[in-house]
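Trainee: Based on the hints, put chain C in the right spot on chain W.
Those protein sequence lines, which keep their order, are chains W and C. For the first sequence, counting from 1, position 30 maps to 30 in our numbering; every step adds exactly one. Just so we're on the same page, our numbering is the position in the second sequence counted from 1, plus 1000.
Each hint should be verified, as a subset may be incorrect.
[Unchecked claim] Facing chain W, from chain C, some residues (calculated, C-beta under 7 Å):
| hint | residue |
| --- | --- |
| 1 | Glu1008 |
| 2 | Glu1012 |
| 3 | Arg1046 |
| 4 | His1049 |
| 5 | Ser1050 |
| 6 | Leu1054 |
| 7 | Met1057 |
| 8 | Ala1149 |
These aren't lab readings, by the way, just hints derived from the structure by calculation. For clarity, every value in this text was computed on a predicted model and none was experimentally measured. Backbone N, C-alpha and C fix where the C-beta goes; we use that ideal spot for every residue, glycine too.
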Amino acid sequence: MKRILVADDSPTMRALIISTLESLDDFELVEAANGFEALRKLPQGKVDLVITDINMPDINGLELVSFVRNNPLYQGTPLIIVSTEGSARDREKGLALGANAYLVKPFQPEELQQLVSQLLN
Amino acid sequence: MPSQAIDEFLAEAEELLEKLNQDLATLAEAAEGGKSNPDLVNGIFRDAHSIKGLAGMFGFTDVAELAHHLENLLDHLRLGKIAFDNNLVDCLFDTLEGVSGLISGKADNPEFSQDLSPYLTRIEHLLGGQPSAPEKGLDELDIDPSMLAVLTEYEEHRLQENLQQGKFLLVVKVAFSLLSFDTELAELTEAIKRDGEVISTLPGSNDDPELLAFKILCGSNLDVQGLRQQLGQPDLEIDLVTAPSSVQQVATAPVPAPEKIPQAELDLPTPQPAPEPANSDAGTVRSFSSSVRVDIGKLDYLMTIVGELALAKGAISQLCNEMQLNGVSQSRELEKAVHVLDRRLHDLQVGVMDVRMVPVRQLFDKMTRIVRRMAQELGKKVKVEIHGGDTELDKLIVEDLADPLMHIIRNALDHGIEPADQRAAIGKPETGMLVLSANQKGNHVVIEVSDDGKGIDPELLRKKGIEKELIAADANLSRQELFGLLFHPGFSTRDEVSEFSGRGVGMDVVKNNISALSGLIELESEVGEGTVMSLTLPITLAIIKALVISICDTDYAIPLNSVQETLMLDEDSIQTIEGREVMELRQQTLPLLRIDQLFQLSAKDTPQGQFVVVAGFADKRLGIVVDELRGQQDVVIKSLGGALSFVKGIAGAADLGNQKTILVLDVGGLIGETLQLDGVIGV
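With the rest of the complex left out, here is chain W:
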């Protein structure tokens, strides 16, 4: 069973991401309502994929990506940034920090499904 951590401060957005992924088999989804919660949930069990928003109230998605990429425990974990089309600089930075993909909201459910399947297999 693969575990996916979804960090987004909007409960509706988390619910949407989760319902999009639920049709794919064999996933366990862990929700984090902010960056801090993500930091707390990461060590609580193996995480196979992180999906994060950029704009969060405590630490931003870039900081979370940097944390994951620089921590020997999670270094190889695939990362997807899902964010509303924002500054091009933020996007570049996210990818430069080592995010595997940057998905712009609104996205098609299939886009996310494909990306997740691709990164997990």
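Mentor: Here is chain C on its own, set in the frame of chain W:
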């Protein structure tokens, strides 16, 4: 998209909009002082951004587009590319209102849309011709590249701002236990913010897997030593990135703060025990939010069930009494069980009721926005003050209160508060004050709207009343009775119709709306000083204790919270003053009301008028003459529906449990009818 998902969107959007409104109001206040608050602006930006993201996901492209422009405007503001002034604040408010309008339209019909071009043109106009200030390259700074790499465009801008303002740029390095880092970090951040700003918080790993390391990039008025002193941690690891160029900038720390400050990385003791048990089984898809959104209809349903349970309990209790009278064994045990049931039922009722309660602040905040807009269009200066925003009222009452309250406020601004030059001429401060206050008194909440405007002259009301043939030329009316004229249908003291108040809705409609909520409206005014409009409302309409009485063989319920006492009626003590029956009660005159006459009932053969129920709020009261007192009961008030809602003096109907439905008297409305319009012809 399934409709339930859309409901979720609407609920979250509504929450975001409410928060945005509140935050914008706070920002607007700051705008008056010409100061911006970066944290607040960023919070507002983030919320607008969230709405845009959500709307986009649900295919509401128009909402997304308008929210995008709102976000863009806020982005320019937070990045310092556009001037922060009243013009901008107004545009933000209006655009937000546009977004609100679109979303509330979608709530009724997902296809709803609106022409966005007026909003977009205005925003473009604001954004046009505002060249962005050139910023220095950050690469020249001596900052760890890993920190620069995680800064969003906004954070880079904050960094620049701090540099330009001549702050010390510092990096504080700490490590906290995985179990408690968020609270410890929050405390540290708060402490840093007292003399500066946190620009970025970068988490990192630590040799100890139980610890999380953090690098906090901040701008501060204090240097390294100063900040250490301020935080009360002389050994805290702090790197200096850059010091302000000017020499006089060297600051000393104020007295160390008394609060507990988190430990530094170097002398960190063993990790503290977790404040809450760590959830080792985090592999769950449960929502981690501690609150749920519920349709008010579901709560109404629960309330109805609670009401029916109370009725069922009443029946059991009745049976129990009969069994006791008949000497049935075990009836004592049954009685005890009924008592326990009663208490638990009460707890349940209080619990369900509590869920329906919302703070009136939500309503007051909406009103603040209206005042702002109106004041501007009327060219008046008005400041709003809110007291008791945390006072709670039933959600449904709060909803129904919005329109009448808005009308009262419009009147206060339109007719009450004078234009700035007039105010100055009579020695008042140029800015008028409008105070919205709420405060709980027993089972009621009193909401007051007071202004320091020109007040209402009762003699002018008298003149107008005579002119409109509402009162006789020689009518002897008290001050309160004259004010009561204002609530009479068709009464208006101003001949020209103002765009705001004169929308064909008079104070009589406001009064009817308040009466429909079983509330009471009163007015007090001093010429030249101002006016206070107070609304007394029950905390909830959902379930109430009622006194069941009987008049002419018909049972009625009177809400118990408005019953002050009941008396035996002594026919001899009734006097008639100006054609109205009154009696003396402890040296005060109590007007009497005969429901049978009001409702034109005719008795068969029961004796008339055995008791008087003294009902009312504070000193506004009247005696209702009734034939019989039947007892107390919990009732759920149901609306009579549109067709019968105009019937005065009736608040609704209630089910008594024995398949019998009775009418509930509207005490507030009856008092209004009897007292305020006394001496008024043709009512």
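Trainee: Against this structure, judge whether each hint is valid.
Mentor: Evaluated hints:
Among the interface hints, the one on Glu1008 of chain C holds; its C-beta lies about 5 Å from the nearest C-beta in chain W, closer than the 7 Å criterion. The criterion of a C-beta within 7 Å of any C-beta in chain W is met by Glu1012 of chain C, whose closest approach is roughly 4 Å, and the hint holds. Given hint, Arg1046 of chain C at the interface with chain W, holds; its Cβ is 5 Å from that chain's nearest Cβ, closer than 7 Å. Given hint, His1049 of chain C at the interface with chain W, holds; its Cβ is 6 Å from that chain's nearest Cβ, closer than 7 Å.
Interface hint at Ser1050 of chain C: satisfied, since its Cβ lies 5 Å from the closest Cβ of chain W, which is below the 7 Å cut-off. For Leu1054 of chain C, the suggested interface contact is upheld, since its CB lies about 6 Å from the closest CB of chain W, less than 7 Å. Checking Met1057 of chain C against chain W: minimum C-beta separation of about 5 Å stays under 7 Å; hint holds. Taking 7 Å as the C-beta contact cut-off toward chain W, the hint placing Ala1149 of chain C at the interface holds, the least distance being around 6 Å.
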